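Here's the letter readout for the chains.
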Amino acid sequence: MSAVKNLPSVVNASKLCKIYDGKRVVNELDLAIESGSFCAILGPNGAGKTTTLRMFIGHCPIDAGELQVFGYSMPKHASFVRSLVGVVPQMDNLDPDFTVEENLYVYGRFFGIALAVLKKRIPELLEFSSLQEKANSRISELSGGMRRRLTLARALINKPKLLILDEPTTGLDPQARQAIWQKLRELKKQGITLILTTHYMEEAERLCDRVIVMDHGKMMADAPPRNLIRDQIESHVLEVHACDDVLIGKIQRDTSIARFEKSGDIHFFYGDKLKQALEVLEQSAHDDYLFRPANLEDVFIKLTGRDLRE
Amino acid sequence: MGNFGEPLLYLLVLGYGLGQFVGDVEGMTYMVFLASGVVCTSAVNSASFEGMYSAYTRMDVQQTWLGMLSTPVNVGEVVFGEILWAATKSLISVSAILIVATALGLVADAWALFILPVAFITGLSFASLALLVTSSAKSYDFFLYYTTLFITPMVLLSGVFFPIEALPYLVQNLAKALPLYHAISLVRPLMTGGEVHSVFLHIFVLLAFGVVAGVAATHRIEKRLIK
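Respectively, the protein sequence lines represent chains A and C. Residue numbers are given in my numbering: position 222 of the first sequence equals residue 260, and the series is strictly consecutive. Residue numbers are given in my numbering: position 215 of the second sequence equals residue 396, and the series is strictly consecutive.
It is worth saying that the hints were derived from the structure and are not from the lab. Keep in mind the model is a prediction, meaning the values are calculated, not measured. Just to be clear, a hint being listed does not mean it is correct.
[To be verified] Have a look at the derived ranges for each label pair, beta carbon to beta carbon:
#1 C:T238 - A:F118: 40 to 50 Å
#2 C:S320 - A:G287: 52 to 62 Å
#3 A:R264 - C:V392: 52 to 62 Å
#4 A:G109 - C:R405: 27 to 37 Å
#5 C:S320 - A:G84: 36 to 46 Å
#6 A:T137 - C:V396: 26 to 36 Å
#7 A:K197 - C:T333: 44 to 54 Å
#8 C:I273 - A:T208: 34 to 44 Å
In this text, a Cβ means the ideal position worked out from N, Cα and C, and glycines have one as well.
With the hints as constraints, model all of the structure from the sequences given.
Structure below.
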């Protein structure tokens, strides 16, 4: 589908497979990511998101299929491809033996970047990540948000053309998360291609121009977030909490209800207007309900199910 | 510090105390005999500790290696870097012990400076072996097996505390098949003003252990991290 566009692809995967213990973690994945796009990969734990990202940088042998990054076949050209890529891993792996500045310096040296270049670039990166005052601090003195910003700055030390972010904001407070979002938007404006995995639907919805939903190693959906919500799910959701069966029975008589689900003591009714159902609720004594437009999380649940993973 | 302090304690206490009962060994006082053994043990311990506990921390707990591997650096380079660093630690602790030994009058002449490259090569050898152990480690506890079953028996049998000629023939040959004996065979004459024999053989054995273990360690760590 993306081959129709003329933009050059940064990542090109065809029939990509990864098998662990006989289980297909990535299952014949076809994927092309265009230059300059900001793409989110969503999926429950174990869906194959991280494994897919690890293949992009040669951290995971490919069992079947083909993968090209910047037109170079992987994992053969892994080392060269990594010189063009920045990685923000799921778990921070900053070096606690070094200060903030030293972390950037040492990491830059791994790319073979000259000392003179680093001397100029590191202050810029510290400014970009609002860590100027922490330049000489130890990693243990940084908050979770600061560490993530430093990890992001570190991933930019080689001026990457592609930035891979594996759950960059997990565990951060709202302020820290929004700070990261702002940085990512700036990077997008600079023309960097970004690929992100996240469990925060809002994050994908706000930042990304393309959302891929993965489950069981397969692609379940692939579209801009707005289109996903428009095309994959009814326009509105009525959530009725802790309600008796008699009332539920009355609500269900509304013929505009397209779909209905029960999870614990919450009933979900999907549809466009649900006028009749709302009237029933208004006339009843029950006031614990919520009528809202459908969002990306509803799409996600529809595509991957309500069952707990792991 | 620990890899320098402990051998020094052995040297001072055993050399002084035990030395009074033992008398001369191979024509030198026991303290002088023991000093060269302690130098080699220190090289072994420094490199082994760095290649096990510290390297495991960087590999598993802190995931420092995975961070490095997100750059053009590959697994072989990471492992080789670790080996060089661990050998450097051997060099540092041996230098410190040599300074103290010189101050105590346990060093014969300036030939002892050649002990430094030997310490580095010994460090390369034992760092590679330690990294091979680390490549299979599931936790820090695993290292106790290697220390108890390999390092300690080797130290006891390789001529650190007494000449290996005192051991049964079979055990002597076993000791000669392990790298520490070859390090001591080079260091002892260099430190006591004796004549060094079979230099290339000894260096070859040390390096051979290092290369084989280093290549195996790289292969295993690659399988562990790139999976």
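Unsatisfied constraints (hint numbers, rising)
Numbers 1, 5, in rising order.
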